[in-house]
Structures are given as structure tokens and as C-alpha cells.
Amino acid sequence: MSLFSVFDITGSAMSAQSVRMNLTASNIANAQSLSSSDGEVYQARHPIFVAKDSDFSQSLSSEMNMFSGNANGAGVEVREIVESQRSGELRYEPDHPMADEKGYVQYPNVNIMEEMANMISASRSFQTNVDALETTTQMMERLLALGKG
Amino acid sequence: MISLGIHEKALEVQSRRTQLISNNLANADTPGYQAQDIDFRAVLANAAGSDSNNIQLTANIPLWMPNHGEKNHKHYSINSSHGLTSSSQFRTPSSPSLDNNTVDVSMERAAFAENNLRFNATLTFINGKIQSMMKALRGE
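Top line first, the protein sequences correspond to chains E and H. The opening position of the first sequence corresponds to residue 27 in my numbering, with each subsequent residue numbered one higher. The opening position of the second sequence corresponds to residue 4 in my numbering, with each subsequent residue numbered one higher.
Take these hints with a grain of salt, some might be off.
[Unchecked claim] To spell it out: a stretch of chain E is covered by chain H in this simulated footprint if at least three of its residues, at any positions, have a beta carbon under 8 Å from a beta carbon of chain H; those stretches are:
id, region
1, 28 to 39
2, 100 to 114
3, 160 to 173
[What the hints assert, rightly or not] Cut-off 25 Å, straight-line C-alpha distance, at most; resulting in silico cross-link-like pairs (SDA-like, lysine to any residue):
id, chain 1, residue 1, chain 2, residue 2
4, E, 174, H, 97
5, H, 132, E, 170
6, E, 174, H, 133
7, E, 174, H, 131
8, E, 174, H, 123
Hints in this document: simulated from the structure, not taken from any laboratory. C-beta atoms are modelled at their ideal positions from N, C-alpha and C, and glycine is treated no differently.
Work out the full structure, taking the sequences as your base and the hints as a guide.
Quick look at the structure:
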């Protein structure tokens with residue numbers, strides 16, 4: 027029954043949105059960090075979302091796998107996490123202990139506004155998937171109660 | 004074999020549609036994802052027109068399913084053959100986005116709610132049929 031695969035689909039989406047939320051939290055937390063663990067300045071991290079089985083479902087005729095369980099499309103996955111290559115902010119703080127010889131300090135390339143927008147978007151998408159899951163659960167419960175009046 | 008008429012097939016199409024729309028919602032933030040849906044009317048008309056006694060045993064069997072021609076695996080064939088042969092179609096985007104994603108979350112949510120309502124309606128119809136059958140059986 028294809029209703030069961032809705033759990034996989036929305037589950038994968040919720041998990042992907044959690045990863046995104048985690049990264050946003052990490053970016054915001056490190057917005058002022060002057061050094062990360064590897065000695066370089068912290069760089070904003072972002073997830074790359076990819077639709078699962080997208081190539082597969084497009085190549086195979088959908089007539090063939092239309093009603094066979096895990097048919098075309100089965101959620102979303104985080105393929106990789108990339109560090110933003112945008113250049114960060116240089117601030118002139120000659121008294122700072124981490125300033126270079128010209129007196130500049132390299133700050134992370136985290137854009138707080140962008141991260142806030144990302145956070146709201148992730149939260150909304152998560153909520154949407156929870157709603158879809160709840161609705162599907164109700165549908166299945168009604169299906170189980172079929173014939174009982 | 005009791006006959007629930009078209010409602011049986013309708014349930015399947017609606018389940019399938021739930022899956023497709025939830026997949027669209029799941030991929031609302033995936034760059035390049037193309038939203039899909041099925042034409043409920045066309046699929047159901049297709050299903051209703053097909054004779055359930057004349058099941059084409061090889062119609063919808065996945066290619067990777069082993070030994071689908073053998074007799075001891077016949078139940079696979081019958082289970083996977085519903086006469087529901089219609090493909091999902093891509094949605095026409097209402098407003099293009101920079102990342103080529105065509106999911107309109109509000110539209111998908113509306114479609115999801117509508118599909119849920121139809122599903123419930125179908126279940127109500129089936130329940131009514133079962134109740135009338137029970138009444139006939141009891142002879143009240």
C-alpha cells in the first residue's frame with residue numbers, strides 16, 4: 027500500500043530539514059567566531075538537498091512503476107554539506123590579538139539575515155511535513171476502521 | 004466476492020496521490036525538483052473501464068521482480084495489476100523560482116487537503132455499502 031511510503035517520504039524530509047536547522051544554528055552560533063578547529067576562520071555551512079531516486083524515476087517509464095510500492099520519488103536526502111566560499115568581512119581592529127600585521131581581523135562569512143530566513147524556511151517546511159504525516163495517519167486509521175460503522 | 008464498485012479503485016488512486024503530493028511537499032526546498040501529480044479523473048476512468056475479470060498478468064509488474072511468469076509467483080502479478088495505467092504528470096509552475104523548483108507549497112497543501120477529503124468520502128461510501136450488505140445479511 028502506497029500510504030506507508032508517505033512515512034518514509036515525510037520522515038526523510040523532516041530529517042533533512044533538521045540537518046538544515048542544525049547547520050543554521052551552527053552558523054549563527056559561530057557568526058563571530060574568529061577561528062574554527064582547523065585554525066582557519068569559520069565558514070558558513072549549507073546542506074545540498076537532492077530528491078531521492080530522481081534520475082531513476084525519470085528514466086524508467088512511470089507507467090511501469092506507477093503502482094508498485096516505492097515508485098517514483100521517495101523523499102529527499104542531504105547529499106552533502108558545503109562551506110560557503112564567499113569572502114568574509116575584514117574589520118580594522120589593530121588592538122585585537124588576532125589582527126594581522128596591517129591591523130585587520132578576518133570575521134566569518136556568515137550572513138545573519140540569510141541564516142534567519144533559512145531558519146524560518148526550515149521550520150515551516152518541517153511543520154508542513156508533520157501536518158502531512160498527521161493527515162496520513164488519520165487516513166490510515168480510518169482505513170483500518172473500515173466496516174466498523 | 005463482494006463488489007465495492009469503483010470505490011475500491013478510487014482508494015488506490017487516492018493513496019497514490021497522497022504519496023505523490025507528500026513527496027512534492029518533502030521536496031519543497033530541493034533545487035530543480037519538478038512537482039508531480041496525477042489526473043485523478045483520467046486514471047479512475049481508465050480503471051473503471053478496464054474489466055477486472057480480464058486481468059493482464061504482465062501489465063504493471065516491475066522489471067526487477069523475479070520469475071513473474073511462473074505459476075507459483077502468480078499472486079504477485081494479480082496484486083500488481085490493477086488496470087490503473089496512467090502516468091504522473093509534472094505540474095505547470097504558477098510562479099517560476101530561481102532554482103527551478105516548481106513546488107508551490109500552498110497549492111500542494113490545498114491539493115493534499117482535497118485529496119484527504121476525497122479519501123474520506125470514498126471510505127464513507129464503502130462503509131455505507133458494507134452496512135447495507137450487513138443489513139441484508141442479518142435480515143432485520
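Against the structure, the hints come out as follows:
1. For the region 28 to 39 of chain E, the assignment as covered by chain H holds, since 8 residues bring a beta-carbon within under 8 Å of that chain's beta-carbons and 3 suffice.
2. Against chain H, the region 100 to 114 of chain E contributes 3 residues with a C-beta closer than 8 Å to a partner C-beta. That satisfies the three-residue criterion, and the hint holds.
3. Given a C-beta distance limit of less than 8 Å, the hint that chain H covers the region 160 to 173 of chain E holds, as 8 residues qualify and 3 suffice.
4. At most 25 Å may separate the alpha-carbon atoms for a hinted pair to count; residue 174 of chain E and residue 97 of chain H exceed this at roughly 42 Å.
5. With a C-alpha separation of about 16 Å, the suggested pair residue 132 of chain H and residue 170 of chain E falls inside the 25 Å cut-off, and the hint holds.
6. At most 25 Å may separate the alpha-carbon atoms for a hinted pair to count; residue 174 of chain E and residue 133 of chain H meet this at roughly 9 Å.
7. With a C-alpha separation of about 10 Å, the suggested pairing of residue 174 of chain E with residue 131 of chain H holds against the 25 Å cut-off.
8. The straight-line distance between the Cα atoms of residue 174 of chain E and residue 123 of chain H is roughly 14 Å, inside the 25 Å bound, and the hint therefore holds.
Against the hints set out earlier in the document, a violation occurs for number 4 only.
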